[in-house]
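2 protein chains.
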Amino acid sequence: MAQVTEKIVNGVNVTGLFETIETIKEKPEVGKYNFRATNKWIGGTENHTTVNDFYGACKTFSRKKPHVFVKDEPESLLGTDKGANPVEYLLAGLAGCVTTSIVCHAAAKGIKIHSIESKLEGDIDLQGLFQIDENVNPGYRGINISFKIKADATEKELEELVEIAKKVSPVANTISRPTPINMSLEK
Amino acid sequence: MAQVTEKIVNGVNVTGLFETIETIKEKPEVGKYNFRATNKWIGGTENHTTVNDFYGACKTFSRKKPHVFVKDEPESLLGTDKGANPVEYLLAGLAGCVTTSIVCHAAAKGIKIHSIESKLEGDIDLQGLFQIDENVNPGYRGINISFKIKADATEKELEELVEIAKKVSPVANTISRPTPINMSLEK
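These protein sequence lines are chains A and L, in that order. Okay, so the first sequence: first residue is 1 according to our numbering, each after it adds one. Okay, so the second sequence: first residue is 188 according to our numbering, each after it adds one.
Honestly, the hints are just simulated from the structure, not real lab data. Quick caveat, the model's predicted, so the values are computed rather than measured. Just so it is clear, CB atoms sit at the ideal spot from N, CA and C, and this is done for glycine as well. Fair warning: there could be bad hints in the mix.
Derived coverage of chain A by chain L (criterion: at least 3 residues anywhere in the stretch with Cβ under 8 Å from a Cβ of chain L; other residues may be distant) [stated by the list, open to error]:
#: 1; region: 51 to 60
#: 2; region: 148 to 159
Residues of chain A clear of chain L, computed beta-carbon distances all greater than 10 Å [as the list claims (entries may be wrong)]:
#: 3; residue: Val4
#: 4; residue: Thr5
#: 5; residue: Lys7
Isolated chain A, as found in the complex (with noise of 0.2 Å):
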């Protein structure tokens, strides 16, 4: 029996990672995904949302156990602080990708990845949510990350990861692109 070496670089799998890709360039709908979620409202501000199966690689996975997630507002945002409040979920996603996505791109390229840290902010003008000036964008007017890394890499190799990862990162695009949202109401 042929022995399989995998190569491991920061947690990475990256045989694994390498040929994830090359099944995907030659077959591209092994890279046709659809994430999932639920979400029920439990009263005021606080509502909870489930999230376990998805679509990938042509089939359909459900995990062991579902991850869920409480949502609430802060008291001084009318709510009694059950957990985080939507916005900054939208910053812990955000995190979340950009960083997966240095580690990895940084993995495929042999560098060792020893910290990362990092610091997301951004700002929100309620007079949006209220409508009181409808020339005020609801949404956040921009987010800034502010990474700290501690790797076996130069200056100008870490600014290319994080370039990389702002070109890739899913939520990054999502974030940054238009992406329609549609909504429905169920009859």
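Fit chain L to the given chain A structure using the hints.
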């Protein structure tokens, strides 16, 4: 002493909501918020986000306890499924934001809501993330949300609530508008 009677609809303090809106109308700087998160890479596709303080109503608020989020990828995407993945966090944020927008606008109109459930889904083509085809958007192509609402309201009123939520939700507007992301490397 005068007794203050607070009007609560759908668990939302409508008296407080209207007071907040009036205050922001008089002093727009009260409505200027800044939301924040810090993120730490753990290993492989796992990273943790911490959300605690935020700025709003002209001061900085600190929570009693921070909210921490574990992000990971499922096994089929080279992770160990310790948490939902970043694109699923984005759905959780969107679900929460439009739900709270519906609940609060219904409360402001005096419409009693009994239940709100929603399903969200969106397609992502990994050819974008893996830079296999530069013409493929790495982000969600679009996101569909379907609501099931039970309320003391006509179908027309419910359709209007869904329409308003789409128009004013901060997360929905961050996604549907081209929101700039600025990424930098601390030196």
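Status of the hints after comparison with the structure:
1. Here the region 51 to 60 of chain A counts 4 residues with a CB under 8 Å from a CB of chain L, which clears the bar of 3, and the coverage holds.
2. Beta-carbon proximity to chain L at under 8 Å applies to 5 residues in the region 148 to 159 of chain A; the threshold of 3 is reached and the given coverage holds.
3. No beta-carbon of chain L is positioned within 10 Å of the beta-carbon of Val4 of chain A; the least distance is around 16 Å.
4. Non-interface call for Thr5 of chain A relative to chain L: holds, since the shortest CB-CB distance, roughly 17 Å, exceeds 10 Å.
5. For Lys7 of chain A, the condition that its CB be more than 10 Å from all CB atoms of chain L holds, with the nearest at approximately 12 Å.
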